[in-house]
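Colleague: Produce the entire structure from the sequences given, and follow the hints as far as they go.
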Amino acid sequence: MSSYLNEMFGLNGKVAVVIGGTGELCGAMAEGLAGAGAEVVLVGRSQEKADARIAKISAAGGNAWFHAAEATSKAEVQGVLDAVLKRSGRVDIVVNGAGVNSATPFFDIAEDEFDRIVRVNLKGVFLGCQVFGKYLVERGQGGSIINLGSMSAVVPLSRVFTYSATKSAVHNLSLNLAREWAPHKVRVNVLVPGFFPAEQNKKILNPDRVASIMGHTPMKRFGEARELIGATLLLASDAAGSFITGDELIVDGGYHAMTI
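Just so we're aligned, residue 17 is where the sequence shown starts under our numbering, counting upward by one.
No lab work stands behind these hints, which were simulated from the structure alone.
Now the in silico label distances, taken between C-beta atoms and shown as ranges:
(1) ASP128 <-> MET24: 45 to 51 Å
(2) SER18 <-> SER74: 21 to 27 Å
(3) LYS102 <-> GLY270: 42 to 48 Å
(4) MET24 <-> SER74: 24 to 30 Å
(5) ARG242 <-> MET24: 15 to 21 Å
(6) PRO234 <-> ARG132: 31 to 37 Å
Treat the numbers as computed from the prediction; the structure is a model and nothing was measured. Note that the Cβ used here is the ideal one computed from N, Cα and C, for glycine as well.
Modeller: Dropping the structure here:
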């Protein structure tokens, strides 16, 4: 059984770049990729958070290192690719997961707040796909790009107007790129978390909103970050996920299936 699972989901010899890997959800995804055998490169701004995540990965027998970069700068994203190729020799899997959120009422959203969220959530994914996608397409050996989407891009959610708009754009961009790059065996998918308490949404999870979420979630609980790992490995694997591209894989405890 172990050899079969390794054949389907094992990532030995692969290199995975996780942009946003110092965060809660992408950090758990990075742990899963490392646990499956990939060498993982965490990309973010916090050395302290990276060190804590790398320590967990190393304690479990995995291999990871950190490269500091700003996801909204093409020069810095290109610098990540260059650094990884110099140190590790290849890139096979890319996770674009940097993101920010805000619960500002619509009429009160300032231009600088709007621009900041668009820059991080949309431009960051755009640049990650442009820089790493170009490498993967030109390399000619395929690869997997996993973009972090949101339930707010599937069904409208209250109070997160700019976030929802940018995540909808991420879904659209991902499907467009999946179509364009399929002939090159570069798969592009969207991993869509439901409600997972994380840095981005803790500030808007007051008791009333939590009650509303639970009333709309058949499993009656929040997701745990580790519950994204299975979906991550499916989308990352060239074996198990070989025919999956342009998918929006929802991990939400049934939230999207609930109406009345």
